[in-house]
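Novice: Single-letter residue listing:
2 protein chains.
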Amino acid sequence: MKNKFDIALLIFCLALGINSILAQNHPKLILTQEGVRNIKSSLGKAPLFDKVLVETIVEVDAEISRGIAVPIPKDMAGGYTHERHKRNWFMMQKAGVLYQVTEEDRYAVYVRDMLLEYAEMYPNLPLHPTNRSSATGKIFWQCLNDANWLVYTSQAYDCIYTFLTKEERKQLEEDLFRPYADFLSTGNPKFFNRIHNHSTWGNAAVGMIGLVMNDEELVSRALYGLNIESNSKNERDNDGGLIRPDGMKKAGFLAQLDGSFSPDGYFTEGPYYLRYAIFPFLQFAKALANNKPELDILAYRDKILQKAVYSLLYQTDANGLFYPINDAQKGMSWNAREVVTAVDLAYLHFGKDPMLLSIAEAQGKVVLDEAGFAVAKGIAEGLTQPMQQVSIAYTDGPNGGQGGIGILRTSTTPENELCVVMKYSAQGMGHGHFDKLSYSLYDETGEIMQDYGAARWVNIDQKGGGRYLKENNTWAKQSIAHNTVVINETSHYNGDIKIGEKYHPDLFYFHGEGEVQVVSAKSQHAYPDTELHRTLVLVNDEQFSHPILIDVFKASSDTPKRFDLPVWFQGHLLQTNFEYESKLNALECLGDGHGYQHIWKEAAGNAADGNAHINWFSNQKFYSMISAVKPGDDLIFARLGANDPNFNLRHDPAFIIRKKDQKEATFVSIIEPHGAYDPVTELSEQPFTSLEEVSVLHDDKGYTVIQFSNKAGESWTLCLANNNASKEANHRLEIEEVLYSWEGPFILKKNKG
Amino acid sequence: MKNKFDIALLIFCLALGINSILAQNHPKLILTQEGVRNIKSSLGKAPLFDKVLVETIVEVDAEISRGIAVPIPKDMAGGYTHERHKRNWFMMQKAGVLYQVTEEDRYAVYVRDMLLEYAEMYPNLPLHPTNRSSATGKIFWQCLNDANWLVYTSQAYDCIYTFLTKEERKQLEEDLFRPYADFLSTGNPKFFNRIHNHSTWGNAAVGMIGLVMNDEELVSRALYGLNIESNSKNERDNDGGLIRPDGMKKAGFLAQLDGSFSPDGYFTEGPYYLRYAIFPFLQFAKALANNKPELDILAYRDKILQKAVYSLLYQTDANGLFYPINDAQKGMSWNAREVVTAVDLAYLHFGKDPMLLSIAEAQGKVVLDEAGFAVAKGIAEGLTQPMQQVSIAYTDGPNGGQGGIGILRTSTTPENELCVVMKYSAQGMGHGHFDKLSYSLYDETGEIMQDYGAARWVNIDQKGGGRYLKENNTWAKQSIAHNTVVINETSHYNGDIKIGEKYHPDLFYFHGEGEVQVVSAKSQHAYPDTELHRTLVLVNDEQFSHPILIDVFKASSDTPKRFDLPVWFQGHLLQTNFEYESKLNALECLGDGHGYQHIWKEAAGNAADGNAHINWFSNQKFYSMISAVKPGDDLIFARLGANDPNFNLRHDPAFIIRKKDQKEATFVSIIEPHGAYDPVTELSEQPFTSLEEVSVLHDDKGYTVIQFSNKAGESWTLCLANNNASKEANHRLEIEEVLYSWEGPFILKKNKG
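Protein chains in written order, with numbering that gives the first Met the number 0: chain A, 0 to 752; chain B, 0 to 752.
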C-alpha cells in the first residue's frame, strides 16, 4: 500500500511540475535528460522499478535525517571512516538520482553540502595514514577505493550540476574533483596504468568526472592512459602480478578493454573478479556511449562488453553462484549489485534478451536508470524467459591464445542438473591459482567436487582485517587444494607465479553438444619434462539412470614420480568397497609443503581388485565415485586443517588416489550423483551407485580405452584418441583381438550383451 | 487444473451415487460412516483436502497398475521384502480410504486381493529368518514392524469390510488377523507387555483389529495387557531398558497412557521418539473414541493425549525441528507424517486451536479422514493463526517426579529468536543420554549450541544397515558429547544406564515469563558426593542489543577433581581474546574413554585477564561467548572425529573450559548472537559482541553473584540464591561493603553509572 501511495503522489507532483532546469545539458553521464523524462512519464507502470524507487527514497531520506558526516580518513576497511566514506558515495549517487526523478531540492542540497565538505577537506589531505597498500589512497587505504568513490560521486555531481551555482561548481572542480582525478592518475601512475581491474576503476573514475566537467584532458587520460616510460616492462605489483603484461604497449580504458578479456569475454582472474571488474567497465562505457557516441564503445572489440556480461552469467552454477575459481570467496552470485547493473544494461543495450529478465526477477531489483526501467517494464509486460546456462569453452588471454576454461552442463531439469568446469587457463594474474587441468563439479544443490576458493573472509575484520590470509598462499593457491594431479608433492609451476605467467595449458578439443559432451586439455609446462592430459566426459543419456562424469587424467613423465589426484568431495563419507586403516589416536600431516602441510591424513587403504568405490552423502543426496586403480595405489582419506594456527581454514574432506614410483600414471574415475534421503520421512532412495566397475582396456601415447559397467550387467566402452583432435580422423585399434574403430577424438559406445 | 477436474468429476459421480452398503456399521475404526458422508458432501470446499485426495488417487492408481506383490519375508530394513511389505501396508490403508470416499470398487478389490495373499502366506510363516531382534517378527525382522503393518491394515480391512463376502472375512480373520494378533500379544509377551513405544504399537495393532472384528478378547488384551507373571520386575530388553519400570504393575494401552508420559505430556525418551510413539496412541485412541465412547479415552488421565501432542509441538525450534535430545536423528520436524496425524486429530478433538492450522499449512497435507477434513476446511475458511511456541517446563516420569526439561524462549520476531532447552530429566530408557543439566541453544537459523543427537543414519544402509552405530554408545550417549560439566573424564552415572535409571536431577525453579526468564536445576547423583547446579538465564530486554543467555554452572565435590565444561558451538571460529597454541603437525586424542577418545585436541590456551571471549560465524550470523575464567583454567579447542574407523562421526568443533584440581568449580558464560554477514553484498554488520566483560563477584553455597558489562560502559549484576527457590524469600548479601538485597531466587539489575 505504501509503495502505491508514494508513487501515486510522486506522479501527481511531477504532473504539476515546473521543470525549467531540464533545458540545460545535465544529467548526461549515466542518466540522461531523455531517460529521466521517459522514467517520469511512466512511473506506476513498472512495479519493480517503483519498488526500488520507493526503497531508495526511504533509505536516502533516513540518511539525510541523520545528517552529513565527512570524517578525516583514518581507518582500514571495516573501520568507521572507511565505512562512512563508502556509505557517503552510495548515498550521494542515490540522492542525485532521486533529485532527477523526484525534482525534490532536498536531495540536491544533501549532495551539494556533502560535496562541499569534501572540497573543504581534500586540499589538505595527506596520504591515508594506514600506508598498507602499494597505491595508498587519500580518503581510503588504497587508491582503488578512492576510485570507487569517484565513479559514484561523479554521477551525483552530474545529477545536481544544474542545481549548483557556477561558484559552487568552480570550488568543487578546483578543490576536489580535478586534484582528486590527478591524484588517481598522474599521482599514481603504477596504479593507473596497470592492466588490472583496480586500474579499470581508476580509468573509469577519472574519465567519468572528466565527462561531467567537460575536461577532455581527463577523458583522454582515462581512455588512453598515461604515457609513463618509467613503468618498466617487468615491474610487478605487490600481489606478484605484472604491471604490464608482455606485449601490452598501451594503458587506459581502451587498453583495459583490449587486455582484460579474451576475445570471447573471459576475464583471466575468473568470474568472482569479473563480477567486480565489470562494473566500472559498464559504467564508464555507458557514460561514453551517452557522451562520445563516435567511439561506439558498446560495440568496441566486436562487442567485448556484451560477451563479458554473458561470460559472467554463464560462469554460474544452477543457483547463480559463481564458480569460485582463483581467489574467489564462495557465496557470491548473480544477485550481486554489480550484476544487477550488468543485467540491466545488457538488457537495454544488447538486444533485450528475455532470459535476462528471469535473472532480474531473481535479483528482485533494478538500477534506477533507463536500463533498469526497461527491465522492470519488460518484466511487467510478461516477457520473461527462464535463464538457460550453456555448455561453452572460453579462451583465455587477450588474443585467446592462452588456454581457457571449458564448461559442460546437462542443462535439463533441476533433478538432472550436472555441470563440470575444467580450468586450463593462464595463471590469472595475482589472483591465479596453480590448478592446471583442475575441475569442479556442481548439481542443483551446489558443489559436488569443490574448488576451495580463497582463504579470505572478505570484510570480516576478525580474520586478518578481511584481507587475504597467509593460508591463501600456503593453501588455497596450491595445486593439492584443487581437483588435479600433483607430482612429487610440488605445485604446478613450482608454485611460482613468475613461471606460471609464462605458460598455460592448451585446449585439445571441446565438444559441448548432445548426450556425450567432452572437454580435453593438455599441459606441457606445469611440471618439467612432463605432460598432463585430462579428458572429462559428461554423459546425459537415458541409458544411465543419472548424468555421470567420466574423468580420464593421463600424466607422463621422463622419470619415475609420485602422482596424487585428489577429489575434494563435499559431504560425509558413507562407505567404500575397499579396506582402509584409519588413524585412530593420532593424526599427522600428509606432507610438509605446497599445501600438503595443511592436510591431515585420516586413513589409507588399497583396492585389491582394481576398483575403488567411494560413496558419500551431501545435501540430502547420495554420490559415488568409482575409480580404476592398481592394487599398489594408495587410497588416502584426508582432511584440511593442519598447520592452521588461527583456525583460518575449513575442515573439508578429500580422497586422494596416489600412484607411486612410475613414469606414466592414468587416473580413471566416474562420478555419479544418485538418489535422495529425506530426514523427515527417513526414506532413502537409490543410496547406491548404479555403476559396477570401471577398467582401463588400453592406454598408450596414442589411445586410451576404458570400459565400465552397471549393476544391470550393461557395459560401455569409451575410446579416446590422445594425439589427434580432428573430428574427421578415423581410428582403428585392436585390443585383445577385438577391433575398435571410430571417427573423431572420442566415442562412447554401449557394448553388445 | 487437473486437481479441479478430478474433484469435480468425483463430486459428480458421488451425486449419482447408489450407496446401499452404507447401511451397515463399517467403517467405524478411524473413518466413520458419518465422517465419510461429511467428507463426500463437502468435496471441493477444502482445497488442501482435495489436493491430498487427488495425490493419493494418483499414487494408489499407479501402485494398483503395477500389481500386487506379497513376497516371502527375508530382508532387513532397507531390503526388498521389508520395503515391499511396508509399502503394502501404506497402500492398503490408502486404498481403503479411497474406496470409502470414491466408492470405486477397484480400491476394495486391490485391498481384498492383497489381504487374501497375506492370508495364504501367513499360516505357514516361520519367524523372520534374520533373527536379530529380541522380538523377531514374521513379516518383518522385528515385531514392531509387524505391529505397524497391522495398525494400518486393520484400517484397510475396516474400510472394505462390507465389500467382502462373509467367507472372505472368515478366511481373513481365521488365517490372518487373529493369529497375527495372537502372535503379537500372547506369542510375544515381553514385547507386548513392556511400557515402551514399541509395545504401544503392539497394543494398538491388536486392539484395532479387535475392534474391526468385534473381538472383545483382543480389545481387552490391548487395553489391559497380558497377565504374565513371568515378566520379572527387573527384566531388561536388549537395549538395556527395563521391561516394566519400578512400581508399574499394569500393562496394555491404558498402562502405556499412564506410564509413557509425565502428567504434563512429556515423553521420557524425548520428542524424536514421541513423534514416533504418538502415532499408535492417537490411532488407537481415535478408534476407541469411535467405538468405546464409554472409555472417554481422549479425556483419559486429564487429557494426557492432548498434552502429549502439545508437548511434541513445543519441543521444536523456530523451524519446527525437534530438539535432538537423546538418541534422535537431526532433521526430523513437525512435517513428519505422524505429526500430520497428530495436528489434525488435535485440531478436531481438542478444541480447534487455530494455531494448529499454521502447522498444517507448513505441512502442506492433511490425513484423509474427518480430522484432516476439518483442518483443510479451517484453513479454507481463513482461520489460521501463527504458531507460537512457549516457554514451558515439563516434568518427567509417570508421576512427574523425575526431573524434566525446561524450555525458555524469547518468542518474539524471527530476528530476535533465541531458545534454550535445559535437560534435567530422567534417563529416558534405552535411548537416554548421560547429559544431566545439559542445554542446547537455538535461534531462527537453527542450532547455536548443538546436542549431537544419535550416532545413527536411519535407513541409510551404508551405515551399519541404518541401525545405531557403535559410536552411539561410545560417543553420542556420553556426557562430553553434550553441553554439560564432566568430571574427571567420566560420564554422568559412570555411563551406566542401571545407575542412570535410579536417579534424576531436580528442577530448582523455573520462571518462564517476562524479559528475564530462568531455569535452574540440580543433580546430586550424576557423580558421587558431588552436586551439580546449573542456572540458565535468558534475557530479552531492550537494554541489550540482542537476546543473551547467561549460564551459571556450579559443581561442588568433596575432593579435588577436574571439571570440563564443553560448548559444542556450531560454526567456524573467528577470533578469541586470549592466546592459544595450536597443534600444527600432529593431533592427539583428548582422552581415552567416556567419549574423550573421539575428540581431537586442536589447540589450548589460557586467559590471563580472567575473561575468555570466543567469536564464531555460522549461517551468515555472528555469535560470541564471554566467560569468567581463572588464569589457570585450560581453554581447549577440540574437534570430534578420533577413533572413528568408519567415518561415522561428524567432525564438529567444541570449546572446553577446564578447571583443574579443585573441589568447587563455577563456570559463568554469556552467549550473544549478533550481527550478520551476506556473501553477496560482502557486508558485515555488528561482527563483534556488544559485551565487554563478565566476572564472579561472589560465590558460595548460599549465593552466586555475577557482574557483566557492555562496550558502552553499562553494567549489570545477576544475583542468584542457591538454596532457596521461594519467590517470597528476602535475601541480603554484602560484597565489598556493598549491600545487595532482593526478593526471590534471582534478580538481574542494571548498575547505576
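Keep in mind that the hints were calculated from the coordinates and are not lab data. Remember, it's a predicted structure, so these values are computed and weren't measured experimentally. Idealized CB from N, CA, C, for every residue including glycine. Keep in mind that the hints are not guaranteed to be accurate.
Listed below are several chain A residues computed to face chain B (Cβ distance under 7 Å; list not exhaustive) [what the hints assert, rightly or not]:
#1 Glu-337
#2 Gly-399
#3 Gly-463
#4 Gly-570
#5 Asn-576
#6 Leu-586
#7 Asn-642
#8 Pro-644
#9 Val-679
#10 Gln-685
#11 Ser-694
#12 Val-695
#13 Leu-696
#14 Asp-699
Novice: Would you settle whether the hint for Gln-685/A is holds or violated, based on the nearest Cβ-Cβ distance to chain B being less than 7 Å?
Specialist: 11 Å, violated
Novice: Restraint: Ser-694/A near chain B, CB-CB cut 7 Å. Satisfied or not?
Specialist: 24 Å, violated
Novice: If you take the shortest Cβ to Cβ gap from Pro-644/A to chain B, is it below 7 Å?
Specialist: OK, holds: Pro-644/A within 7 Å of chain B, min 4 Å.
Novice: With 7 Å as the cut and Cβ atoms as the points, is Val-695/A at the interface with chain B?
Specialist: 27 Å, violated
Novice: Can you verify the interface hint for Asn-642/A: is its Cβ closer than 7 Å to any Cβ in chain B?
Specialist: 5 Å, holds
Novice: Measuring from the C-beta of Asn-576/A to each C-beta in chain B, is the shortest one below 7 Å?
Specialist: Status violated, d = 11 Å.
Novice: Per the CB criterion, is Gly-399/A less than 7 Å away from chain B?
Specialist: 31 Å, violated
Novice: Quick check on the hint: Gly-570/A CB to chain B CB, less than 7 Å?
Specialist: 11 Å, violated
Novice: Just to be careful: measuring from the Cβ of Leu-586/A to every Cβ in chain B, is the smallest value less than 7 Å?
Specialist: Result: holds, 4 Å to nearest chain B Cβ.
Novice: Min Cβ distance, Asp-699/A to chain B: is it shorter than 7 Å?
Specialist: For Asp-699/A, the interface hint is violated, since the closest Cβ of chain B sits about 37 Å away, which is over 7 Å.
Novice: Hint check: is the beta carbon of Leu-696/A less than 7 Å from a beta carbon of chain B?
Specialist: Hint on Leu-696/A: violated, closest Cβ of chain B at ~30 Å, above 7 Å.
Novice: Can the hint on Gly-463/A be confirmed by a CB-to-CB distance to chain B that is less than 7 Å?
Specialist: 10 Å, violated
Of the hints listed earlier, those the structure fails to meet are numbers 1, 2, 3, 4, 5, 10, 11, 12, 13 and 14, in rising order.
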